[in-house]
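Asks: In case you want the letters, here they are:
4 protein chains.
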Amino acid sequence: MSNPRFKQLRRTYGFDEVAIVPGDVTINPDQIDIGFKIDNLAFAIPIIASAMDAVTDVNFAVRMSQVGGLAVLHLEGVQTRYDNPYEVLSAIAQAPQTEITALLQKIYAQPIKENLIGERIRAIKKGGTICAVSALPANTKNFAPLAAEAGADIFVVQSTVTTARHVSKSYRGLIFPELCQSVKIPIIVGNCVSYNTCLEIMRTGVSGILVGVGPGAACTTREVLGVGVPQITATIDCAAARDEYLRESGRYVPIITDGGFRKGGDLCKALVAGADAVMLGSIFAQAKEAPGLGYHWGMSHSHPALPRGTRIKVGSTGTLEQILFGPTSVTDGSQNLVGAIRTAMGVCGVSTIQEIHQVEMIVAPTIITEGKSWQISQSA
Amino acid sequence: MSNPRFKQLRRTYGFDEVAIVPGDVTINPDQIDIGFKIDNLAFAIPIIASAMDAVTDVNFAVRMSQVGGLAVLHLEGVQTRYDNPYEVLSAIAQAPQTEITALLQKIYAQPIKENLIGERIRAIKKGGTICAVSALPANTKNFAPLAAEAGADIFVVQSTVTTARHVSKSYRGLIFPELCQSVKIPIIVGNCVSYNTCLEIMRTGVSGILVGVGPGAACTTREVLGVGVPQITATIDCAAARDEYLRESGRYVPIITDGGFRKGGDLCKALVAGADAVMLGSIFAQAKEAPGLGYHWGMSHSHPALPRGTRIKVGSTGTLEQILFGPTSVTDGSQNLVGAIRTAMGVCGVSTIQEIHQVEMIVAPTIITEGKSWQISQSA
Amino acid sequence: MSNPRFKQLRRTYGFDEVAIVPGDVTINPDQIDIGFKIDNLAFAIPIIASAMDAVTDVNFAVRMSQVGGLAVLHLEGVQTRYDNPYEVLSAIAQAPQTEITALLQKIYAQPIKENLIGERIRAIKKGGTICAVSALPANTKNFAPLAAEAGADIFVVQSTVTTARHVSKSYRGLIFPELCQSVKIPIIVGNCVSYNTCLEIMRTGVSGILVGVGPGAACTTREVLGVGVPQITATIDCAAARDEYLRESGRYVPIITDGGFRKGGDLCKALVAGADAVMLGSIFAQAKEAPGLGYHWGMSHSHPALPRGTRIKVGSTGTLEQILFGPTSVTDGSQNLVGAIRTAMGVCGVSTIQEIHQVEMIVAPTIITEGKSWQISQSA
Amino acid sequence: MSNPRFKQLRRTYGFDEVAIVPGDVTINPDQIDIGFKIDNLAFAIPIIASAMDAVTDVNFAVRMSQVGGLAVLHLEGVQTRYDNPYEVLSAIAQAPQTEITALLQKIYAQPIKENLIGERIRAIKKGGTICAVSALPANTKNFAPLAAEAGADIFVVQSTVTTARHVSKSYRGLIFPELCQSVKIPIIVGNCVSYNTCLEIMRTGVSGILVGVGPGAACTTREVLGVGVPQITATIDCAAARDEYLRESGRYVPIITDGGFRKGGDLCKALVAGADAVMLGSIFAQAKEAPGLGYHWGMSHSHPALPRGTRIKVGSTGTLEQILFGPTSVTDGSQNLVGAIRTAMGVCGVSTIQEIHQVEMIVAPTIITEGKSWQISQSA
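Residue numbers (this note's numbering), protein chains in the order written: chain A, 1 to 380; chain B, 1001 to 1380; chain C, 2001 to 2380; chain D, 3001 to 3380.
Among the clues, some could well be false.
[Claimed, not checked] Derived coverage of chain D by chain C (criterion: at least 3 residues anywhere in the stretch with Cβ under 8 Å from a Cβ of chain C; other residues may be distant):
#1 3193–3203
#2 3225–3231
#3 3319–3329
[What the hints assert, rightly or not] Simulated coverage check for chain D against chain A, where a stretch passes if three residues somewhere in it have a Cβ under 8 Å from a Cβ of chain A:
#4 3026–3038
#5 3237–3243
#6 3270–3281
#7 3342–3348
Treat the hints as calculated values from the structure; they're not laboratory data. Glycine included, each C-beta is placed from N, C-alpha and C at the ideal position.
Next comes chain A alone, as it looks inside the complex:
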């Protein structure tokens, strides 16, 4: 049946298709450490807030760092285009649905004010916290030195798909080894999804990798381009690259699964698949402290003729504290994420993030059946 002359297709898996197998030992929470490191920077919890205008502003970045996590401020969003970004954020939240696309296009057409880059970074650092900022590859050569100089601790170079090599007739691409040498703070690069690309980028000297391209079947990238890899498989493959790079270099470069998370179980699955940390957008956009005021939207527009992510109403369902540590006010698993990770590690019998990478995972597809509420009550 299988004929080598035909193109072969590998089966891949997303969050909804897998489950975690409990361990042969259980461990008490007092034995569990969920911290991770980026170079020498240590974080108490393996959760990072996305570089999106609806999620991270100065205040949110300070709060995330204070509780042991991290939030990334996008240097190409409203925070660096507007002296008072909150007027603009309020306008986005109040615009009628029919006008939102035009409004977003207008808002992000404003030029970036380079002086605001330093200002925002200094404001975050004033909180006594770790400051991470991000830019697209095209702006990185300019912005990374500015950011480092202003005191940023981590610089994230992020585009939909990033590789170690970019071919162009018209300009010379960003060279990661040069960047890592010239800017003396940890560089995180993303997004990528495959073993080879991840390994190649690690070899350029970066300090972290963001994993995730078109993670869900309903992603814009997947719908419009057909491009994407489900997050469990992407994480498994990049984790294998990380382990290979550790063998060949002795250096441990964490991978951060980015995108597609909807609930605590998804975070635990990403960690079992091999992630060192996870990056969340929508879930944090629901925080009462989030600058999106209950809305979330796609801000990238590097291909102006392609459809944009539209504005989504996500609501403000709880405080950042509740989302991370509970008590939960919702039943959809989108709150008390840290509690979920610790409990999952307890029933899996592992006490560190690196141990959770060894836990067994199975293919256990979601089947939509009638009587779903029954199943819920049954398992309670």
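Using the hints provided, position chains B, C and D relative to the given structure of chain A.
Replies: Leaving out everything else, chains B, C and D in the frame of chain A:
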């Protein structure tokens, strides 16, 4: 394609994905014995009611035992917290949906009255029947001797995930071999889902194992923690452990599949997968005799910051007699469960529970199509 | 991953999961013969109407035979319990939904009048046609000789699951070799779904096998007992038994796939899977000539405590002529079934039913997506 | 488990079940060439409009050719049956749903006026563009010479299933080698879906192959006949035949995937699967310039007793320019198709259509979950 450097994922199966193949011989009901044993205690039917407040009270336990089955009374529910639990049960049934979470938290915050443990057990024994009670691991050391002294025949130690070993800095966990030696009644332990864990627990000397962690895709455990194994695979794996333990010890320890059942066909599938008996919650909560008064809810709250199972209206669809033996008043297969098991065994040509473990099972996924009612009429 | 100590599950397939691959040659309809034989009785079209009260009465049997097919009259339905069955059929069609179960129980509790058996058979034979009748195994010893004497050409012994061997303490089961020897007309037996059972029954000397137990996921047998095999796999397995029996005996015993059909494509798939003919219930219940008057219901009630198939409104969508030969008045593929078979054979490049068994079939699951109507328009 | 005596079924894949893996290199759009050739005719974009009355008329054909693509005019549609086809097209758009089937039957019963064949072709050529026309096999012998004489550049012979050999008692089929020799313009033939058929047809000397039979689960061909192959597998198989034919003959015959496309991602997937170009119907029927006036319908009726594709309202969502090149006015990925292809090639690191054939593709099924809008926002 398959590369050993990447994490491998085993495919697993739930009730809705499998079906039973009829046998090469058919057997008349007069030849069929569906009984099973826990140590020397014999039961005529392989069906056990869950230790949940909406299902089992003294009366329900007496009735189940009289018809040849078993019901487990939870020693940490309303029956041991309240002298008159029926006031509380009535309050749960009448509370508006918006107040139910707070009400349940308040109700289960009341302390357990140890004198009620003996009182409930003696009331069940007065019916001349077999009495089974349960507790979480933390209370087992205290409650198990009290229960044995009061006349309980079986003690069930049950938590979401149980292993033979628990690691903690702060306290010494429950040691099953010590428990089995000190309490001279059969100990049933659960829940577990894997070959190794099941085998390890059997080796501690227990008399039965409950199988099932996050059985359905919509389970709270699966949603929030990502942890769970579909029930067919969990049962197959634990049945293999039981058979291995029988080979090495000569002792047959029954496994009881617990959770995720919605209809008669699911029970038959669990038995074919290797279960000796099944434990049902929701289906019995629908009995006219059930103390839940047509409602069902999750009562465990060992992790107060994680979301709780909410209260579900299941209705009171028939008597316990109808649910077990028919005649059925519904068309969803949730009644006449014993008739379903006997008929399935007849068409599979097997006459005992241990023979049904040998019947062929296939992967036959449920596909949701339009025109479903047609299929029903076609096959009638 | 795959461990022999664990129960293994074979993947099986139903109509909605497969598709037929067109051939390397196309054939004009003038080259195609879709006839099949049961012993020496030849039929121009490979389609048989079920032995159900909503489908087959004397008139329907005559009409089906005249057009080259066959219909089976059930000797335990209303036709042999009532001198004037049409009063009863009309009552079923007019009963409100809430009273239908009680009404059906009452109607089928009436005794069978043995004199009506001969009367109905003679009425069918008066049409100059081939007459087939059926009974459950329990009545076969009595009814088969009566039917043969009255002129029936074929006797069908049919129950949900039939094997060559039945074990009972209380009575001696039906012995097929004895039956085949004592009754000198072709005996068709069903239903079965597996290679071994089919081969064993063929070795008893029968002239045809009905294939199908719990074919669809929503079947009562599958829901209530968990028992069933999807029709494509059941047909493939029984076709392999037929071919093996032909090799060992030189005798070709046709297999007839029974149940689960919803449209023309399903018939073609059954034939490609290996069926020599198909047996349809629901689709014929939609004929203007059908005695069910636009309704369809399950009539078997051998297990009175198990849920019954309920009455379904199927409507009267076209004449028997339209259902078989078109022109079609509907767009769901439930009419012009013969045209569909001939066209499918044309594009597969095969000219006989036995050649269509060699056509390639693929696994091509139905995926439910939004924008379904688009797909329809695209392929038109 | 797998037994050679049973029929084996190969797993196949459609658009919604696969995804494209990004490459290890990214390429700038200025490096990308998406052109393809049919014999010596070069096209700047690999997109062809279907030979359907709702899509292609003279004006649409001229416009498509001007922008670098191609549109095929059907010589058996309203354009050659009516001097003024726009009256008829308007009647189709305005007919109530209940009368549409009868109206379409009446419209397509009108005879074809052979003089209109030349007239339409000359009108297209007057635009200074490449002209392609099509006919069913039965009319090809008559129409192909007429079309070539009138100046057509490409002739497409198209039916639901086409093979190199057709068997008939009553007439002599179309012989492709004879056709290719007698008509001195490139001949494109379709539709086919398998390696063998595709290879056989290529050996007859044709210049292109249309790939696609019953591509979607909801296709009429698949529903009514059970016949069809999902488009990804069909394209992979036919691409293997093209590559084999290139090895044996040195001649490169492009394959064109036809049918089932709903959005940009589907086009990219077809190209990765091995297509040289894609043929679109529904998507172009949505163009403001399309003659269908916002409707789309199936026009073939060679089997008058089989159900017809019905008329679908697709709406007029944008100009042809927008559909091909953006900017997009919709969010469903049905516009800016060229931009999607170029971007996908960029992130896959390939610069020609033949290089995209080497890109990795994975099985990544669409799972329908609640909270879909979340996934969209997450990936934006």
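Asks: All hints are to be evaluated individually against the structure, with a verdict given for each.
Replies: Here is what the structure says about each hint:
Counting residues of the region 3193–3203 of chain D whose CB lies closer than 8 Å to any CB of chain C gives 5, which reaches the minimum of 3, so the coverage claim holds. For the region 3225–3231 of chain D, the assignment as covered by chain C holds, since 6 residues bring a beta-carbon within under 8 Å of that chain's beta-carbons and 3 suffice. Requiring three or more residues with a Cβ within less than 8 Å of a Cβ of chain C, the coverage given for the region 3319–3329 of chain D is violated, as only 0 such residues are present. By the rule of at least three residues with a Cβ nearer than 8 Å to a Cβ of chain A, the coverage given for the region 3026–3038 of chain D holds, with 5 such residues.
With a cut-off of 8 Å between beta carbons, the region 3237–3243 of chain D has 4 residues touching chain A; three or more are needed, and the interface restraint holds. Counting residues of the region 3270–3281 of chain D whose beta carbon lies closer than 8 Å to any beta carbon of chain A gives 3, which reaches the threshold of three, so the coverage claim holds. Here's how the region 3342–3348 of chain D fares: 4 of its residues keep a CB closer than 8 Å to some CB of chain A, so the rule of at least three is met and the hint holds.
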